[in-house]
Structure formats: structure tokens, C-alpha cells
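Student: Sequence lines, in order, name chains A and B. Residue numbering for the first sequence follows the numbering used here, starting at 1 and increasing by one per position. Residue numbering for the second sequence follows the numbering used here, starting at 1 and increasing by one per position.
Keep in mind the hints are simulated off the structure, nothing from the lab. Values in this document were obtained by computation on a predicted structure and should not be read as measured data. Watch out, some of these pointers could steer you wrong.
[As the list claims (entries may be wrong)] From the structure, some residues in chain A lie toward chain B, with a derived Cβ separation under 8 Å:
#1 Ser24
#2 Val28
#3 Cys111
#4 Asp135
#5 Ala150
[Stated by the list, open to error] Straight line, CA to CA, 30 Å or less: simulated DSSO-like cross-link-like pairs of lysine-lysine:
#6 A/Lys77 / B/Lys44
#7 B/Lys92 / A/Lys47
#8 B/Lys14 / A/Lys112
#9 B/Lys14 / A/Lys92
Just so you know, even glycine gets a beta-carbon here, dropped at the ideal spot from N, CA and C.
2 protein chains.
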Amino acid sequence: MSSDSVDTILAQWKIVRPDLDCSSMGVVGRLRRTSNVWQDKMEKVFKAHELSSIEFDMMATMRRSDPSGITPTELYKTLMLSSGAVSTRLEKLVQRGLIERVYSEQDRRSCKVVLTPQGIELIDSALVDHVDNMDGMLAVLTDEEQQQMADLLRKVLVAGQKT
Amino acid sequence: MSSDSVDTILAQWKIVRPDLDCSSMGVVGRLRRTSNVWQDKMEKVFKAHELSSIEFDMMATMRRSDPSGITPTELYKTLMLSSGAVSTRLEKLVQRGLIERVYSEQDRRSCKVVLTPQGIELIDSALVDHVDNMDGMLAVLTDEEQQQMADLLRKVLVAGQKT
DNA sequence: TATTGTTATACTCTATAACTATA
DNA sequence: TATAGTTATAGAGTATAACAATA
């Protein structure tokens, strides 16, 4: 098995701090690096569609939600952002004609944001490239290995929600 | 097996875009989320030692490097940051008495940064807490599963370096 | 002429909180 | 009085590029 930079780092710690068991860093460090590398690759694809990561996430969330739309509050809670950050970005997408606000008649404080036809076209086209991109990032793993990794990560995430 | 939020998202895509095979999102999406959750947990530990993530990374890199120090150039290349960003943060650490610059006699443009005794004390104490923290994040996985995940991630990282 | 490292500028992004309107 | 959403302010962080000193 070929070694990576994390193997080097672990070997260095073994010398400087032989008393400390850093093996967890072998998992956490690699996951962090993988996430960074993948994030960069994904941002390139998003950028090709003139979207930031968060704009992609927002539009993708709208795309897979109820066609009647989603409220800004649901959106910022789903994406774990502040209301202000979401409002600002929503306004930009409105100005680009990619989404529009539909005001509620029941609760006049509230609105829903929905994708315009152009918005759907853009996110659908970005989505295809995004899936291609992810497939490429995972191509080095067999289907079974991909399933293994998904299962291991699910286990971590489910456990983390309880805390 | 209990399901997580990514399972929900995949089910939503299955309805809205049944033509699109989003299974790679099951791996990539979970890895991204896990990374974010872990990053938050790590930052809390770093903050308890009055360090940002990057300050911790910088000091940890110095700690495991040659005791004679490391040049700012090596540091920003290792951490994949700009020279300016590293210079600014180095200066902050100098002002806090955690590191100092040792100027080269061979090349008078160059210097090395080294941890002061206080710096070593701080990073060593932060490191112990950091390792404890990582152990806790991985506690839900067996040793064998942790090894599996490390191996899968190494495979991805090694393949990624070639591109 | 290239390289090491610092500094200054400008930019992006966000959280916070103030604010409006409505419930 | 609380909530939905927007807007304004301020802060953190960075990359870029200009800069000084040396190779």
C-alpha cells in the first residue's frame, strides 16, 4: 500500500511525541484533507455555472424540495447559516432571475422562494456536472468500497446527532 | 441500519430527478458533513487554548518538524496558504511569545521560525486535548472500522495526488 | 533577474443586531 | 410579545500585489 502525506506526519509525531497515540489523526486528518481536495474540485464545477458553493446548495435544496417552494427560514436552518447570510444571497439570485419570492396569503410576514424556469435549467445542468464530478472523485474506489465508506460515515453522523 | 439526513436527501432526488444516479452523493455529501461537524468540534478545543485552527496547524507543523525550525516558505507551502496570510499570523504568534524568528547566516533573506518554551508548552497541551477529542469523535467506530476508513481515505488521497 | 519574507490594499464572506411588518 | 424576513454594520480572514533586502 502506498503511503501519503498523513503517514509522514504520523511518523514525525512518533519521533517527537512517542508517548502520544496519534492514530486517530490517521482518520481525522485524512478525512479533512479529502474534504478540502473535493471541495476545491466541486467549486470549480460550480464556478463553471457561475455559482458559489452556497448558491449551489441553496438552489439544490430548492430543487429537491416541494415545488411550491421553501421559506427562507427553512433554508437557513437546513444549511446552518444565519438569516442575514441567506437573505443577502437570495437577493442576488433574485436579481439574476434564478429564483423568485412568492408571498404567503396566510401569513403576510412570510414568503417562499422558488426556482424560475431559468433557475431550474441552471441547477439541473450544474447538477449533472456535479454528479459527474463526484463520480470521478470516487472512481478509484470500487462500488463495494464506496458503499463501505458511506456506511462508516453514516455511522459517525448518526452517532454525532445524538450528542 | 438507522438513516441520516443524507438518506433523506437521496430519497428526495430520487423523486425529483429519477433519471439521475446520485449515489456518489451518499459518500461525498456525508464526508463533507462529517468534516464540517468535526471541524467545529476541533475548533472548540483549539479555542480553549486561544488558538485558531490555522494557528494550531502552524504550531503543530513546527512542533513535529526539525527542532532547528522551519522557514515561512516551507510553512505556507505545507499549509497551502499564501505567504501573506502566514506572515501575518506568524507575527501574531511572535507577539504572543509563542514562536520566534531565527535569522539565517547563510542566506540573509531567510529565517526559520521556532517554538519558544511557552509555545511548546501550549501546543503540547493543546495536542493532548486534540487527540482526546479525535478519539472521542471516532469512538463510535471499532478499531477495525477506523483502520478501514483510514485505508479508504488514503486510497482516495494517493489517487488524487496523481491528477 | 529571481527569491525570501513583510506590508498594504482590497475583497469576500459572515454573524450580529437593528429594523419593519405582521401574528 | 414573538416571529419572518431584510438591511446595515462591523469583523475576520484572505489573496494579491507592491515592496525591501539579498542571492
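Student: Check each numbered hint against the structure and report the violated ones by number, ascending.
Tutor: 3, 7
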